Amino acid sequence: MFVVVIAVVVVNTFLSFFFFFFQKIRIFFTNFLFVVQQKGPWSEDVGTREGRRSHALTEGRVFICASLAWMSVLIVLMGIWFDYAVGHFEEQMELYPYFRDVLIMVLFGFGMLMSFLRRYGFSANGYTLLITALCVPWSLLLGAFFKRLEDDTASIGDTYFVGLEDMLDALFCSATLLITFGAVIGKTTPLQLLVLVIVEPILFWVNIYVIIFKLGAHDVGGGMTIHLFGAIFGLAMSFLFTWRFETHAHPDNTSCYSSDLAALGGSIFLWIMWPSFNAAIAVGDGQVRAIINTVASLCGATLSALVASRFIGGNRFDVVHVQNSILAGGVAMGVAADLDVTIGGAAATGLITGAISSCGYVYVTPWLAHRFNMQDVCGVTNLHGIPGLISALVGIIATAALDDSLFAHGSSQPVYQMSAMFVTIGIALAGGFVLSALLRFVMAPLNHIAQWNFFNDRTFWHLPSDYDAVAGSGLTQEDML
Amino acid sequence: MFVVVIAVVVVNTFLSFFFFFFQKIRIFFTNFLFVVQQKGPWSEDVGTREGRRSHALTEGRVFICASLAWMSVLIVLMGIWFDYAVGHFEEQMELYPYFRDVLIMVLFGFGMLMSFLRRYGFSANGYTLLITALCVPWSLLLGAFFKRLEDDTASIGDTYFVGLEDMLDALFCSATLLITFGAVIGKTTPLQLLVLVIVEPILFWVNIYVIIFKLGAHDVGGGMTIHLFGAIFGLAMSFLFTWRFETHAHPDNTSCYSSDLAALGGSIFLWIMWPSFNAAIAVGDGQVRAIINTVASLCGATLSALVASRFIGGNRFDVVHVQNSILAGGVAMGVAADLDVTIGGAAATGLITGAISSCGYVYVTPWLAHRFNMQDVCGVTNLHGIPGLISALVGIIATAALDDSLFAHGSSQPVYQMSAMFVTIGIALAGGFVLSALLRFVMAPLNHIAQWNFFNDRTFWHLPSDYDAVAGSGLTQEDML
Amino acid sequence: MFVVVIAVVVVNTFLSFFFFFFQKIRIFFTNFLFVVQQKGPWSEDVGTREGRRSHALTEGRVFICASLAWMSVLIVLMGIWFDYAVGHFEEQMELYPYFRDVLIMVLFGFGMLMSFLRRYGFSANGYTLLITALCVPWSLLLGAFFKRLEDDTASIGDTYFVGLEDMLDALFCSATLLITFGAVIGKTTPLQLLVLVIVEPILFWVNIYVIIFKLGAHDVGGGMTIHLFGAIFGLAMSFLFTWRFETHAHPDNTSCYSSDLAALGGSIFLWIMWPSFNAAIAVGDGQVRAIINTVASLCGATLSALVASRFIGGNRFDVVHVQNSILAGGVAMGVAADLDVTIGGAAATGLITGAISSCGYVYVTPWLAHRFNMQDVCGVTNLHGIPGLISALVGIIATAALDDSLFAHGSSQPVYQMSAMFVTIGIALAGGFVLSALLRFVMAPLNHIAQWNFFNDRTFWHLPSDYDAVAGSGLTQEDML
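Protein chains in written order, with my numbering: chain E, 1 to 481; chain L, 1 to 481; chain R, 1 to 481.
Bound conformation, chain E alone (with noise of 0.2 Å):
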């Protein structure tokens, strides 16, 4: 077990090194791209509109041929390897409500919430239903192996009977890869998001049986596994996401009124459904501790949230933190929701939270934007990426203060909690920035979006006679030329 701490330190040493002179590579990688994106065999032609249209035929087929391929594939796997986890049905159907409200945040609460782009809202919710459809299959298969490699009694062959825990698990993936999505909105194609939904379960669940089952972390919510691995993910997809100026500027990265009203209906669906989140996998009393202390910590980061709003915004609330930065405290519970981390100190902890997330959308988005490139459309970092890091020091300072004999590496819990935090953001890291680089360089002529078509559902959709008229007129190619 040792070896494995001792190796996560040293990557995430290293991978603290490479980012701390990520300026000077990404000049490196920038030049590169003008390079390639110039010259390229690949995407000489993808300057015209022509070269777009050509291109945007390719990947169509690609996505149609690739996605119904490999849906036939996972269905495939399904029919030879799955059958019914039977005969424990009253066991089972305990965890179905927490299944369905998951269920709800995941299609309804992340979808409209992603809507609040004003003109892109047929594409988020199709995406967020499309990345659904995709990985729970997927998310079930890969569930499965890693659950049997950690089952000495049965040979991974055997045929494997798939219960809720593993349908609710496969939610969870879902929702850990809609988070990603958050940071890179509006900027992907749909063959890069099948793309996505190939490579980012497989690193969602190594990290689970690294930190889960091997390190043996406490994480009820998915403090880390979900939201701090989803929000890395993304961060570092971003790096290679961001193009140039026009993509900050850019008219439709923005809302409009209907739109903000959709995103806070997907985003008060979304807290309401949280305690559920955080309870679904408890056991016990602990249940009962991870509703009252997500509810606790949710009503503080709701308050602090909309208080920094106000007190940051020149007296006025701003509608982005009423909808994000409210649900930091759901996150901050994240690891450590069923323990005994006090009433008080729950509504305390999303108190301190909702008011970094509001500062986040401040001062951090804005900063990653312009020092690093990095554009995070929704803000992960502040909802997802900052508040899961608060989550798992609350799980360390949690697992250090309780009760040693709760937890499975006794005194000593506290160090795996901080490994499998280290653990997490490294494979998050890695993945992201090798999935982004493959996505852009390897697979360059798939982002054939026009940028002036970036956050508009103009490329993909057929829209109604009306989408121009939405919230006066958008950016057309002559502005942007």
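What the hints contain is simulated information worked out from the structure, not anything from laboratory work. None of the values given here were measured: they were computed from a predicted structure. There's no promise every hint is true.
[Stated by the list, open to error] According to the in silico footprint, chain E covers these stretches of chain R (three or more CB under 8 Å from chain E):
{"#": "1", "region": "65–77"}
{"#": "2", "region": "120–127"}
{"#": "3", "region": "299–313"}
[As the list claims (entries may be wrong)] Facing chain E, from chain R, some residues (calculated, C-beta under 10 Å):
{"#": "4", "residue": "93"}
{"#": "5", "residue": "106"}
{"#": "6", "residue": "140"}
{"#": "7", "residue": "364"}
{"#": "8", "residue": "404"}
{"#": "9", "residue": "406"}
Backbone N, C-alpha and C fix where the C-beta goes; we use that ideal spot for every residue, glycine too.
Once you have looked at the hints, place chains L and R on chain E.
Coordinates of chains L and R only, in the frame set by chain E:
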């Protein structure tokens, strides 16, 4: 029992024959319609504004009196006949989560999905509430009557004890009516809906009595009794509820960006709650299988609906398919969700059904409209009709393949499933046709909506000041005449 | 106990007397207001833009400091006093589905329903979140205090064990505050809401202490403690929260098509979850009865609200009645939902209440506004006040008609129910009036919103670029002065 099967075959042969000569008969009816509309004593003034106004007043007065009188009758009957089913509340309360989920589908899901029409939001939601409010007590009474017919231990007049399983059945009946409503939405008056909500539940329960109580068909999620029945009923009604060219090309028979997003919200909630819909009346392990199968099938259908949409839509997604066809996977599991169709099998069924449903919107709906002059406004054929048929076929295959001991009729269960399918189609076709004839001919003045007010709220609703500005201006009387 | 009853009668006689002389007193207050507004040391600059700006800064600073300080006090008190109620988690988790359903009503239902104001969507949802976040911990503390007062086995200072039943009570308190907020929506500052959320929960719990703990009244769904209390409290506040002519004729005190649809979405979710609301604290068979009665009553109210709407609205439906009056059936079952009122009786009660509620919007609200200068913005009188009164009457009749052994006071239970009703009205009237006087006179500078910014988000929110274009232009300063 054989007599029933034979009767069914005879009825369906006749109906198929009838359907074959559809067009001939239609021409006759069209001529007949022309005559009665121009010359008939009750409708000579339908073509004038004053005539419509007086009809509207008549319709309004009759609606107010008739619906209050009808509700009063229902209340008196409930008062005389019903008592609460107490004494086993724990067992009953297990049904409550499913009741609530189905209620979300019925009121929010269907209501919002049908709000896709850009100027019909008030009507879509208001009539959904009206239909449900009238259907629930009436269906409770009908269900009690037909359940008593099967109950040898009590005579019909004895007090009936209403439990949550009866309430759930009443919601299923409401869902059926809302599917039917989807086929003729935008062209009916409240009074016509009142007649619909009096007549269709009777046939819904007759169908259940025949195929479930008598034929012993397996239909856990209402694939036949709800989806197939409701869609065929609506389709049969649409034949006489399609007017001239203006109906098809009507400028308000379209969506706008915000109405599409509202419909997406309803559709996503239908997706989320569909596992509950299919698992509600399943028992034991069947409930676990119903949930897993429905989710697997929905994932398959979501992917293939999106892929098919892009394939047939010139490289772009169509939001209509995202709103509707992704749900076809839930319908496809309607009959056999709780059976061991294997997880891969469920996903594959969804994959096939979703693609067929998307194609249906592009090919079947226009074909019905132009070949048979049947306008299926919401496309219930593609979302409920064809997937309902697929679910019946899946049921036949599953009952043939699975262990005989599971089913009431052992190895001959598939024959009964097939009979049930034909009975459902027969009753729904005949019922829909007769009812629509009743509404059009006998009650001609009820449909006093001018064609330029089809698909909008103008005739029956007080409107906010911005109504005419929603998504550009609609058609006015002058444009149409 | 008789002393209490007598005291109540005296208080109510006084209050009725007071209400009778309302207008006389109002004239005095109006004159007083005129004097203090023109001459008072604290408000001499309210009429000028600079004065308002400086007041806004003051209000903002005080709001930020006071709400953080208040939340910190609550957190410290929770930290000192609270622990988790563990050891009987299965019993507690049975409450969780109801907790979650009520949470959907509180945050999504009320928030979206109050977004019917076309330019007040951010405020409606944001303040709903603010009120709930502040109310939940405060109500937990108050509830613990009053429950301890009744508990002979523990002294007040002993650690209080918080369970899901306490969390549920806290949500009920939030619902009460949101009902009150509905009466004065659009005219309050965040700081005024902070004061409201400090004061009203105290009176809410005092009322519960008197009528439930002391008088032993039956009130399973909060017909008196929540709906009647919240509505009367808000109505009493509205007396001093109604300004000149401009308040009534304000151009932003209206809806647009999309805001009406959002409110319909909230209303429909309230409908769906109302059975859970009324059944949450019922026990045994009472829970089944509460669900069936509430659904029956809602069906009745939905029909009669629609019919009445058309009857009094010139043959057209009014969407305001669909958004609100359909829910009156749920309120009408508030006191007696779990009793054997018979299913027909529940539906008939709903039928009557829905019609009265619709009529209330057409006749009572304008009458209050013009006769008493009380502007009830959301019409809580018609949705919660009158139906709450009906629910109290239903409770009196039901306790008189049913077996005496069911109730704490046997055959004299109806007297206690009636006393409870008067106590509720008395406390709410007095509380609302005193609080509003406090907010208007003592804290005059807090209400620095210019009248042309009533009912819109301009004063307190950062706005998207299309805000002014929403539903045509609103009133500007120039139009008003």
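Could you check the structure against the hints above and give me the numbers of any it violates, in ascending order? 3, 7, 8, 9
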